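Novice: Same order as they appear, the protein sequences are chains E and B. Here the numbering used here is used: the first sequence runs in plain steps of one and ends on residue 460. Here the numbering used here is used: the second sequence runs in plain steps of one and ends on residue 372.
Treat the hints with care, since some could be wrong.
The calculated BS3-like cross-link candidates involving lysine-lysine, where the alpha carbons are at most 30 angstroms apart (straight line), are [to be verified]:
no., chain 1, residue 1, chain 2, residue 2
1, E, Lys156, B, Lys272
2, B, Lys287, E, Lys283
3, B, Lys117, E, Lys283
4, E, Lys264, B, Lys272
5, B, Lys372, E, Lys283
6, B, Lys117, B, Lys58
7, B, Lys287, B, Lys372
8, E, Lys264, B, Lys291
9, B, Lys58, B, Lys372
10, E, Lys329, B, Lys372
11, B, Lys272, E, Lys283
12, E, Lys264, B, Lys287
13, E, Lys329, E, Lys283
14, E, Lys264, E, Lys329
15, E, Lys283, E, Lys264
16, B, Lys291, B, Lys272
17, B, Lys291, B, Lys58
18, B, Lys372, B, Lys291
19, B, Lys287, B, Lys272
Chain E is nowhere near these chain B residues, computed Cβ spacing over 12 angstroms in every case [said to hold, decoys possible]:
no., residue
20, Val69
21, Ser71
22, Ile160
23, Gly216
24, Leu231
25, Ile314
These are computed hints drawn from the structure, not numbers from a lab. The structure displayed is predicted, hence computed values, not measured ones. Using N, Cα and C, we set each Cβ at its ideal position, and we do this for glycine too.
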Amino acid sequence: MRDDSKTPLLAVRDLHTYFHTFAGTVKAVNGVSFEIGQGEVMGLVGESGGGKSVVGFSILGLIDSPGRIEAGEILLHGQDLVTAGEARLREIRGREISMVFQDPMTSLNPLHSVGRQMDEVLRLHSDLDAGARQKACVEMLESVGISRAAERLKAYPHQFSGGMRQRVVIAIAMLAGPRLIIADEPTTALDVTIQSQILKLMRRQIAETGASMILITHDLAVVSEMADHITVLYCGNVVERGRTRDLIANPAHPYTRGLIDSIPDTTHRQDRLRQIPGSVPDIRNLPRGCNFRDRCPRAQTLCAEQEPALTQQHGSLWAACHFPLAPGETA
Amino acid sequence: MFAYLIKRLIQMVLVLWVVSVIVFLMMSFTGDPVFMVVPIDATDAEIAQARRLLGLDQSLLVQYWKFLTSLLQGDFGRSYVFRQPAMTLILERMPATVEMVLVAMALAIAVAIPLGVYAGANPESRISRFIMAGSLLGISLPGFWVGMVLIYLFAVHWGVFPSSGRGDTAELWGIRISLLTWDGWHHIVLPAVTLSLGTMAIILRMTRAGMMEVGRQDFMKFARAKGATRSDVLYKHGLKNALIPVVTIFGLQLGDLIAFATITETIFSWPGMGKLLIDSIYRADRPVIVVYLMLVAFIFVVINFIVDIVYTMIDPRITLK
Chain E
130 MRDDSKTPLL
140 AVRDLHTYFH
150 TFAGTVKAVN
160 GVSFEIGQGE
170 VMGLVGESGG
180 GKSVVGFSIL
190 GLIDSPGRIE
200 AGEILLHGQD
210 LVTAGEARLR
220 EIRGREISMV
230 FQDPMTSLNP
240 LHSVGRQMDE
250 VLRLHSDLDA
260 GARQKACVEM
270 LESVGISRAA
280 ERLKAYPHQF
290 SGGMRQRVVI
300 AIAMLAGPRL
310 IIADEPTTAL
320 DVTIQSQILK
330 LMRRQIAETG
340 ASMILITHDL
350 AVVSEMADHI
360 TVLYCGNVVE
370 RGRTRDLIAN
380 PAHPYTRGLI
390 DSIPDTTHRQ
400 DRLRQIPGSV
410 PDIRNLPRGC
420 NFRDRCPRAQ
430 TLCAEQEPAL
440 TQQHGSLWAA
450 CHFPLAPGET
460 A
Chain B
52 MFAYLIKRLI
62 QMVLVLWVVS
72 VIVFLMMSFT
82 GDPVFMVVPI
92 DATDAEIAQA
102 RRLLGLDQSL
112 LVQYWKFLTS
122 LLQGDFGRSY
132 VFRQPAMTLI
142 LERMPATVEM
152 VLVAMALAIA
162 VAIPLGVYAG
172 ANPESRISRF
182 IMAGSLLGIS
192 LPGFWVGMVL
202 IYLFAVHWGV
212 FPSSGRGDTA
222 ELWGIRISLL
232 TWDGWHHIVL
242 PAVTLSLGTM
252 AIILRMTRAG
262 MMEVGRQDFM
272 KFARAKGATR
282 SDVLYKHGLK
292 NALIPVVTIF
302 GLQLGDLIAF
312 ATITETIFSW
322 PGMGKLLIDS
332 IYRADRPVIV
342 VYLMLVAFIF
352 VVINFIVDIV
362 YTMIDPRITL
372 K
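Isolated chain E (complex conformation) (with noise of 0.2 angstroms):
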């Protein structure tokens, strides 16, 4: 369990939103609930389609129609956002809780300088002078690890490489000292090589600034070495929680031992990669009772009635399932 002596930064309650196509309503986020203290990174996890991003977005109220958030709270310092104004949200956005996206090749405007990107945050959120901020936008693109940085400012996005463009979102999501910063598959579009580098320098960076981190990713090797907790998603729900080191090493969720067993095993020699069976089930029209029981080894009929709710497990875990998993169990 959290440690309760540590107000929470955030707090995400019963979190719905919806979005109303012509071909149906897609619950993609349905009842999410969780909490971030201060300083903590917690992994967002689950399939494509899962709700990981709306659950990003929802948060800084950058859900567009046909898309809506229809229920829940979001509580940052106990203000909530769901009910806040749009100048509100204009003010947090950036400021208090920044962003960084998946694809570094699209998230920079391509017409615009760095600088003048970089700018933009410090001149909607900050006081200083253009002297000031330009030199805060250099020490920042030098704190990301781009060298020459007076000089690249003037640079353009299509004159940096990838990985160089993601450290600029990265420093743009810094800039203004932000407390919480919402990374939504920060790696998932870079080259192996440069992943390893990029997440050491988020690890870097929030551990200076004292900042907490919403990691969004399917991937759990990345989340177990970033995490303080972890949060699984399946079909806009939270299927299971709990520490990274308990839910790594002895997760409660079938589905949950079916992500950790997806990865493949480098020190012994694999025939075939395992996998989850079957796939994601239609979000526009899910079946009564748990949404795993179609792909879950451990199914029984109970699952098809009754959807089992959020229960404490073994160690630090929540898990919903009738049936979880004990400490050091298979499915």
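Once you have looked at the hints, place chain B on chain E.
Specialist: Chain B in isolation, oriented as in the chain E frame:
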């Protein structure tokens, strides 16, 4: 950059030469200008004399050669009708056309860009649908009809704007300009509005399409995640990325309107160069037509060149090669 300029210059000379050949050939098929110059009861001898005077008794090749050599000496030929240098005739009337077109283009931009951005950013809204329906009208209604309706409503019925002419002009560096007088502005409103509607509709639709395309890009969401205001996201991040096709169309329309504002000028009796072109065609005034069309080709080449430079100012990834 220097190599680029040289290349463009050579291109321009080639274009102008091709245009001159085509126009010369075309004109030789369109009636005999001699009969436009001589009186209706002229004798054969008088006709032959006039033909010799105009140099029309020689072969087409010789005529073209003479035209080309005098062109290179700065002589663009004389109008058969006015007995004046053709270039002077055109340049005298050009300011009237250019100022009407500039007002029309400014009006088109001022209306089309904000509405296009709005319609692109809110494609589902009722106002956007209304704007788009209006733009269809702007594209499909013919200019002469719009001009007549405007004259009927604003000149005849309400009497708020004059229906014809240029009004008072003031002189600046020897050029007569309506935009320097209140009366001139009063006169330019109706023709400029008439002329602008089509371009306005096209630019509006291009802007909307571009904004819809750009709206899906990650950097737009990233800009919002920084805390930028909606109008900053739309105008500073979005519009600039949607602007390349808009600038292209703008350039083509600008050239087109300057060259062929004929119909609007005719309806509003605007003494511009489009009217001169029509009159010259009626009178088979070959030198004026040739020079006019070469001038139009020149204007298009220059506008395209400027558009290319504007591209590089908008997008740092584009270089002039």
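Novice: Give a verdict on every hint.
Specialist: We went through each hint and held it up to the structure:
| no. | hint | verdict |
| --- | --- | --- |
| 1 | Lys156/E <-> Lys272/B | 22 angstroms, holds |
| 2 | Lys287/B <-> Lys283/E | 17 angstroms, holds |
| 3 | Lys117/B <-> Lys283/E | 56 angstroms, violated |
| 4 | Lys264/E <-> Lys272/B | 26 angstroms, holds |
| 5 | Lys372/B <-> Lys283/E | 22 angstroms, holds |
| 6 | Lys117/B <-> Lys58/B | 28 angstroms, holds |
| 7 | Lys287/B <-> Lys372/B | 28 angstroms, holds |
| 8 | Lys264/E <-> Lys291/B | 27 angstroms, holds |
| 9 | Lys58/B <-> Lys372/B | 9 angstroms, holds |
| 10 | Lys329/E <-> Lys372/B | 42 angstroms, violated |
| 11 | Lys272/B <-> Lys283/E | 23 angstroms, holds |
| 12 | Lys264/E <-> Lys287/B | 23 angstroms, holds |
| 13 | Lys329/E <-> Lys283/E | 26 angstroms, holds |
| 14 | Lys264/E <-> Lys329/E | 24 angstroms, holds |
| 15 | Lys283/E <-> Lys264/E | 13 angstroms, holds |
| 16 | Lys291/B <-> Lys272/B | 15 angstroms, holds |
| 17 | Lys291/B <-> Lys58/B | 28 angstroms, holds |
| 18 | Lys372/B <-> Lys291/B | 22 angstroms, holds |
| 19 | Lys287/B <-> Lys272/B | 13 angstroms, holds |
| 20 | Val69 | 36 angstroms, holds |
| 21 | Ser71 | 40 angstroms, holds |
| 22 | Ile160 | 19 angstroms, holds |
| 23 | Gly216 | 45 angstroms, holds |
| 24 | Leu231 | 37 angstroms, holds |
| 25 | Ile314 | 38 angstroms, holds |
Of the hints listed earlier, those the structure fails to meet are numbers 3 and 10, in rising order.
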